[in-house]
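Modelling step: build the complete structure from the supplied sequences, incorporating the hints.
Note that the sequence shown covers residues -32 to -1, 1 to 428 in mature numbering (1 follows the signal peptide of the UniProt record, and there is no 0).
Hints listed in this document are in silico derivations from the structure and should not be mistaken for laboratory results. None of these values were measured; they are calculated from a predicted model. Any given hint could be a false lead.
Distance windows between CB atoms, simulated [stated by the list, open to error]:
hint, residue 1, residue 2, range
1, N350, L409, 39 to 45 Å
2, P402, A22, 43 to 49 Å
3, Q236, R383, 35 to 41 Å
4, A152, A216, 19 to 25 Å
5, P280, R189, 27 to 33 Å
6, E304, D15, 54 to 60 Å
7, R383, R270, 36 to 42 Å
8, Y265, G30, 40 to 46 Å
9, P208, A22, 56 to 62 Å
10, A152, A395, 50 to 56 Å
11, R270, A206, 28 to 34 Å
12, G48, S416, 23 to 29 Å
13, T137, E304, 24 to 30 Å
14, E190, N240, 23 to 29 Å
For every residue, glycine included, the Cβ atom is placed at its ideal position computed from N, Cα and C.
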Amino acid sequence: MALTHLLSRPAFRVLGVAAMFAGIVAALPAQAQTVIRDAEIEALVADYADPIFAAAGLSGTGAEVVLLGDNSINAFVMGGQTVYIHTGLLRAADTPDQVIGVIAHETGHITAGHVSRIRSAAAQATVPMILTAILGAAAAAAGAGPAAAGIMSAGQQFGVGQFLRYSRTQEASADQAAANYLEAANVPLDGLIALLQTLADQNVLGRTLENSYALTHPLSRERIALLERRAEEMRTRATPALPSAAAALQLRHDRMRAKITGFLESPQVALNRYPQGDNSIPARYARAVAYHRTADYDAADREIGSLIAQAPADPYFHELKGQMLLERGKVQDAVEAYRAAAERAPDAQLIRIALGQALIRTEDRPQVQEGLQVLEAALRVNPDYTPAWRTLANGYDRIGDTARAQLATAERLVRENKIAEAKMQAARAMRGLPNGSPAWLRAADIESMVAPEDPAGRNR
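What follows is the structure, encoded as structure tokens:
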């Protein structure tokens, strides 16, 4: 998928066999999952996650939420302090509290160290047990209900049942931790319960392909009943949220769902879900994207224009307008739209990166130089955004600064884990950079890295 602001890069290709049994991670993906980057959605999800991470004692530790472009409903952790959430879950969640509840639950897995524990347990499993579990999960995902049941039944003699019991224990532990974090953040438990109830109902109906969360997070009526009892206790102590604040957050949530639908569903699905008779902000947002994707530019301009007229201070409407213009080749107009977005959200580095990319595409030397400055500043804050390094290299090439273009390429290759290639680009950059300058020193750092395929550093 190549989108300018729902930007993407490969996340990972295969999950470890041990991790698959954790009840914490998704089933093995058929292909590489894709990380979704979007300034508006990331800001909203951070607002969801930050109070939970604070309640769990994870503030300032690098804990984060990463969004994966996958229509299935799932969330998981894989070790470390990262919660992965599928866009399918965000789209399926009716309320902010449902997403916050999932984040709290996954944070419970992090603080309890469940990933490392299950990996230790899986290390003691027999090969037949692992194979039967993998085959059973694959058959279930393919819709082969009887075959999946047979395979998994055969695997019981090798200990699959023990894994499931261990996983259910972990789920109960994560649920209780989630309840504690939600209460500390003054978020009701009802959202998580509602989502789990919906997923449990889908699981009964056999909708396992869309509902991968039920495969990796064992659901039971007893589990939901325990949460309902805890929710009742929490209600007696909760402080009700201000209606205006709750409504504003719900609108942001609905906008997120509309944006995901517009970009990641087919345009026709988006237009059916948000028909012309719906004049709400989320509906117009989704239609603007869908019309743009079908090259109905007049309709797209009408929708985004109405949103900007209604909320001229909203940076994300200007950002979407910039993307639409840039993708049509109206580069100078796109620059102005992105500039308006950046002025309204000066701390949104993804918007500033988009502005820098648009400036470089003008091929006007003063604007290219401005774009390079904007990108350099944004990359100091968000250095792991790989596409921006490519644009930076192209920009330096356009003004004839080959050495800095090579350094930018080396930075990109490092983040793509292509260390040997990065070292070569860095060595070339060093020959054209002032000796001892900050850029030269950074190139020297990259040139001195040890490539994974050469652990002894023989080819340095």
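Hint by hint, here is what the structure shows:
1. N350 x L409: 39 to 45 Å: violated, 21 Å
2. P402 x A22: 43 to 49 Å: At roughly 45 Å between Cβ atoms, A22 and P402 fall inside 43 to 49 Å, so the hint holds.
3. Q236 x R383: 35 to 41 Å: holds, 36 Å
4. A152 x A216: 19 to 25 Å: holds, 22 Å
5. P280 x R189: 27 to 33 Å: 50 Å Cβ-Cβ, so the 27 to 33 Å window is violated.
6. E304 x D15: 54 to 60 Å: This hint is violated: roughly 29 Å between Cβ atoms.
7. R383 x R270: 36 to 42 Å: At 39 Å between Cβs, range holds.
8. Y265 x G30: 40 to 46 Å: Once the Cβ atoms are compared, 42 Å apart, the range 40 to 46 Å for G30 and Y265 holds.
9. P208 x A22: 56 to 62 Å: violated, 21 Å
10. A152 x A395: 50 to 56 Å: holds, 52 Å
11. R270 x A206: 28 to 34 Å: violated, 43 Å
12. G48 x S416: 23 to 29 Å: Roughly 26 Å apart at Cβ, these two residues keep to the hinted range, so it holds.
13. T137 x E304: 24 to 30 Å: violated, 57 Å
14. E190 x N240: 23 to 29 Å: violated, 38 Å
When held up to the earlier numbered hints, the structure conflicts with 1, 5, 6, 9, 11, 13, 14 and fits the remainder.
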